[in-house]
Amino acid sequence: GEKVEQHESTLSVREGDSAVINCTYTDTASSYFPWYKQEAGKSLHFVIDIRSNVDRKQSQRLTVLLDKKAKRFSLHITATQPEDSAIYFCAAISNYQLIWGSGTKLIIKP
Amino acid sequence: NAGVIQTPRHKVTGKGQEATLWCEPISGHSAVFWYRQTIVQGLEFLTYFRNQAPIDDSGMPKERFSAQMPNQSHSTLKIQSTQPQDSAVYLCASSLVGGSAETLYFGSGTRLTVL
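Residue numbers (my numbering), protein chains in the order written: chain E, 1 to 110; chain S, 1001 to 1115.
Treat the hints as calculated values from the structure; they're not laboratory data. If you're wondering where the values come from, they're calculated on a predicted model, not measured in any experiment. All C-beta atoms, glycine included, are put in the ideal place defined by N, C-alpha and C. Please note: incorrect hints may appear among the correct ones.
To be verified - Computed spacing ranges between beta-carbons, pair by pair: (1) S:ASP1056 <-> E:ARG14: 39 to 49 Å; (2) E:LYS42 <-> S:ASP1056: 19 to 29 Å; (3) E:GLY41 <-> S:THR1020: 18 to 28 Å; (4) S:THR1020 <-> E:LYS105: 28 to 38 Å; (5) E:ARG14 <-> S:GLY1028: 38 to 48 Å; (6) E:ARG14 <-> S:GLY1099: 32 to 42 Å; (7) E:LYS3 <-> S:GLN1068: 24 to 34 Å; (8) E:HIS45 <-> S:SER1073: 32 to 42 Å; (9) E:GLY41 <-> S:ALA1002: 15 to 25 Å; (10) S:THR1076 <-> E:HIS45: 21 to 31 Å; (11) S:SER1100 <-> E:HIS45: 13 to 23 Å; (12) E:PRO110 <-> S:THR1103: 27 to 37 Å; (13) E:ALA79 <-> S:GLU1018: 30 to 40 Å; (14) S:GLY1028 <-> E:HIS45: 12 to 22 Å.
Turn these sequences into a full structure, and let the hints steer you where they fit.
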């Protein structure tokens, strides 16, 4: 079955720098790739998604890139702020079900 | 809009006891999902309802776990004879129509601790 891997379990960046979180997937038929954020002690909430008919999507400081050939997608956060500190989960659709990555803890250092 | 409401926030049970977890989806949402989150296993899909009908329970442990959605305003996850390995945060999410590429709205979760 589909596997989604997040390669960085922890990522630490200085406030104001950019952060990049990478995910890979195995199912070539996957067509939908959302990202969710989980702040400390809170539940998950949606941040951005991308569908397979495009290779880039931007929303304010967030950009998602999709490379279908490499079966890789990434979340780019520019001008990081303390409130970006959280665990970020990527996911991919396979057989109508979301398959989740293991999460990347993003730490924003002052 | 209060969002997805899960009760209780925390539940502690003794080994072998029953635990019932409640979820109230966002009003107007047709789909309800249950997930389990642990440090070791991450996010695990358990089961999914659309218009109150069970659609996919492929993630549910076959024994001891059951889920119901008796009406459009709440769903329950019941764990019989709880075991320490059932300790986890149980997350409920809802979505508008239950399509595979829809945004999920998660509740705050129920942290179950089995002693």
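query = If you check each hint against the structure, which ones fail?
reply = 8 and 13
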